[in-house]
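*Asks:* Single-letter residue listing:
2 protein chains.
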Amino acid sequence: MKCALLQFNPKVGDLAGNGAKIFNLTQKAWKKGATLAVTSELALLGYPPRDLLLYPSFVEEARLKALEIAQKLKDKDITLILGTVGQTELGRGRALANQALVIASGAIEAVYAKRLLPTYDVFDEARYFEPGQKPLVIERSGQKIAITICEDIWNDEAFWPRPLYALDPLSDLGPFDILVNLSASPFSVGKQQLRENMLAALTQKTGAQALYANQVGANDELIFDGRGVWVAGGQVLARGQAFAEDLLIVDLANPPEPLPQDALGPEEETWEALSLGVSDYCAKNNLKTVILGLSGGIDSALTAAIASKALGPENVYGLVMPSPHSSDHSVYDALALSKNLGLAQTSQISITPIMMGFDAALKRLFQNSKPGVAEENIQARSRGSLLMAVSNKFGHLLLTTGNKSEISVGYCTIYGDMCGALAVIGDLYKTEVFRLARWVNREKIVIPENTLNKPPSAELRPDQKDQDSLPPYEVLDAILKCLLEERLSPKETAKIHDPKITFKVATLIRAAEFKRRQAAPVLKITGQAFGVGWRMPISCRSVFTVNK
Amino acid sequence: MKCALLQFNPKVGDLAGNGAKIFNLTQKAWKKGATLAVTSELALLGYPPRDLLLYPSFVEEARLKALEIAQKLKDKDITLILGTVGQTELGRGRALANQALVIASGAIEAVYAKRLLPTYDVFDEARYFEPGQKPLVIERSGQKIAITICEDIWNDEAFWPRPLYALDPLSDLGPFDILVNLSASPFSVGKQQLRENMLAALTQKTGAQALYANQVGANDELIFDGRGVWVAGGQVLARGQAFAEDLLIVDLANPPEPLPQDALGPEEETWEALSLGVSDYCAKNNLKTVILGLSGGIDSALTAAIASKALGPENVYGLVMPSPHSSDHSVYDALALSKNLGLAQTSQISITPIMMGFDAALKRLFQNSKPGVAEENIQARSRGSLLMAVSNKFGHLLLTTGNKSEISVGYCTIYGDMCGALAVIGDLYKTEVFRLARWVNREKIVIPENTLNKPPSAELRPDQKDQDSLPPYEVLDAILKCLLEERLSPKETAKIHDPKITFKVATLIRAAEFKRRQAAPVLKITGQAFGVGWRMPISCRSVFTVNK
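Residue numbers (the numbering used here), protein chains in the order written: chain A, 13 to 560; chain B, 13 to 560.
It should be emphasised that the hints constitute simulated quantities derived from the structure, not laboratory data. As the structure is a prediction and not an experimental result, all values here were calculated from the model. Hints are not guaranteed to be accurate.
The list treats identical chains as one, so a pair stands whether inside a single copy or across any two.
[As the list claims (entries may be wrong)] In silico DSSO-like cross-links for lysine-lysine, where the CA-CA straight-line distance does not exceed 27 Å:
id, residue 1, residue 2
1, Lys493, Lys351
2, Lys503, Lys300
3, Lys516, Lys405
4, Lys382, Lys300
5, Lys405, Lys477
With the hints as constraints, model all of the structure from the sequences given.
*Replies:* Below is the structure:
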């Protein structure tokens, strides 16, 4: 039996566009002899549809679109397993289910409803769906095919120390030969290996083969990397593209040699993921060009490099905005970067006249005070407003360049350098920014050496260095990982790291919560990014509040 | 039997502070002869604790604090039903439960786990908790007392057309005399009546009495109004304070005359709710003073009035920031308002020098373009930056003054008038802003008549009126209600309202999604506010996208 994994990049909510892609890929698969085609999870809607699901008209349109696809396929000898939303048949409980439709001969032959609904991190499936109550095993060419959706196969007691769900949907499937899984599993660094290990264990345990179809494409903060696989006997026999659309057709009767591990290293994965994040954000919002502030520092340099890879440098605009506190090298480094990348245009605008305007306006009110944070922030906000003005004038999307370390401790100005529609490297700690920047430079120098080597500085006052206010980034990032990702308390972290620094960092994290609530969406590449997967109260005694 | 409802204002995460309040109130109740005391839901933690729950150290501290409270009460003849978090005893599923501990004689006598976990709108309980599997009925003074938590009693098939949960926890309780409910039910206009109707129906159906304890106080966007009640035979026999702490002690053996309906009308409820929202946001973030921009318009006027009620006018600062496009009356009206309210200080700063600074900076880049949105936004952002500068300098919290109508259609400038930590009237449509402002003026004129009577204008260009860009607010707001709250599609809405206007409004809603993602938290007073309860994708074909 030939099977096809339809790995395509859906636009969330675009039922017509996604439906057309699904039909075309299915038809193509059929022409190549496939008799089974499998989409990713909720493929007709695009994942995650979020509150679009609360609109009954949208759900009804999806129902009609699925019927239309079924009709159009009716003369083709191929079964399509289609991920979509549907109504439950019960009179109680949530009205919707996350479904896989078995479409054959022009009709919906069977319906499977996802049984495990992820509701953690960025996932809110219990907000929308009623869990399915029973397994579905269909038969094709004498093979028993068990149908599952994403999370359904991620609760294996042997694989997880503490299963998150009481039920393991694999436990009551009965005998089956092929396990099909429709997924929308977001990318994080190293996740493909985890998926393949888990599927390998599953095929070894059950003796069945596994066909895993995953979504590709980025939707707001979530990046999906595709890489559908065919796994049998603990080995990966075929693997779809990473970060690209693919139609993977496999012949179950003719298993090839097993494949080696996926070749992408962590830097390359991150690079591909973030550039897909930028290009899809632009494409799906109908924008062609982006702008960003170039400070001569490493964050804006890396962001510009990613944007250039994503959109082509001809669609990336830079703005260099020196103040009286800017060093000469910052302008020089920014212009060198722009030249190395070949950006469309990099303009230079001094913010001095704007700062003078603010000085004049505030002279009377501020007359008895010393310059401090208020004045520093005026610089950052003047730059933010300038970038937004150029964005508004020419229709470039503004990218924000903050990294995870500074978003964590609030070493950034709200409505200033936090301005922008998308935080490209907001899930990379500063040490990881350096690592990725060096990787970018691995063959030729794109990011100026001086940018990589000078001590980081916000340049908001003369001779300022980040390290005047913050611990060294190696120390900071290690503490942040404990507090944010390991979910240790400041006290617990202080047993591993310097207590004084730890308590200072925790206090800074707590104080920055109100800023993060208004931050741009962050492209997520780790298990814990800021944004929709980080839901902290602002008005509270926080876990980061240090006991006095 | 005398019973006490402990209606207090917890600070989220403040286990020591909340624990002390709970102990003190229980002791006070005991001194007054109560033998049963009931807290609100998760009272020890404050609701909603959100991702604080993901920190094991926090959950462990809560466990120890509950034991400490039990110890301290051990010689007192009173049973405390305490809302808190606890570990489940299963080896599978989520590790936590939303619990009610039955504390008596220094020990935890029984544990009830909430069975229905709200996961919609602002609620994310399935993110954290495993649902309880069984009912709990305890006995005190020969009375059978059934214990429930909030949502558990909101799934009555007779009361809701389509119950949201398959299970009704009231159905397997067996016989009981008293139903106790620990709640954290957020305020919305008119909700108390719904609660009381539901409890009345419940007591009539079961023949039991009901004791309903609800949280009071505001935490970020959520406002809790308290109003615990004792209900029997379909009648409300006692009712706690609205929007204030209370210790309501009732003697079940001596039912008094039934109470009439709650006396607060919708405007008074809204007024009290929003002022509690402001005062608690400040108190719980250790801030005393606020600042806001006064434009002479009705939004900033109403926000200033609410802030003055919340914090005292001596803690409210105004900033009037005219531009060359500002009319004389706007400054005059703003200053009159400030005087009427008795604000601490209202400074006047012209933004002309700042606009000149931006003009100078952008002259070359903008030389061939006509003034438009970019220039209008520069004005709004200059004001936003000025407000933030004064906020940074003097430590005043910046309030943002946008209303729900403008946040809906994006008639507001991101990083401009959207600046601020809290959106006070962001859940009021413009027509409701007018209604509430007139109510504020019911006895004497606080908000200048001219502010109420002049046509709304953003004054970003000469003689601009809101109605140049937007339909009349009565029309706009009616359409918004259909699209946002009734969850009708633009097509469905166009059957009720003018299609051309409807499609324009829908297009504006869609285009403003990226702004809303970065908006300040909005004090929620309706069933559908923007903020944590509004989870729309940005990069998508939206339900608001109009078919071409």
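*Asks:* For each hint, tell me whether it holds in the structure or not.
*Replies:* Taking the hints in turn, this is what the structure says about them:
Within a single copy, Lys493 and Lys351 get their C-alpha atoms no closer than 36 Å, and across copies no closer than 51 Å, so neither meets the 27 Å cut-off. For a Cα distance limit of 27 Å, the shortest separation of Lys503 from Lys300 qualifies neither inside one copy, at 48 Å, nor across copies, at 30 Å. For the homomeric pair Lys516 and Lys405, the shortest alpha-carbon distance between copies (22 Å) is at most 27 Å, but the shortest distance inside one copy (42 Å) is not. When the C-alpha separation of Lys382 and Lys300 is checked against a cutoff of 27 Å, the pair qualifies only between copies, where the shortest distance is 22 Å, while the shortest distance within a copy is 44 Å.
Proximity of Lys405 to Lys477 under the C-alpha cut-off of 27 Å is restricted to the inter-copy arrangement: shortest distance 22 Å between copies versus 34 Å within a copy.
Of the numbered hints stated above, those contradicted by the structure are hints 1, 2, listed in ascending order.
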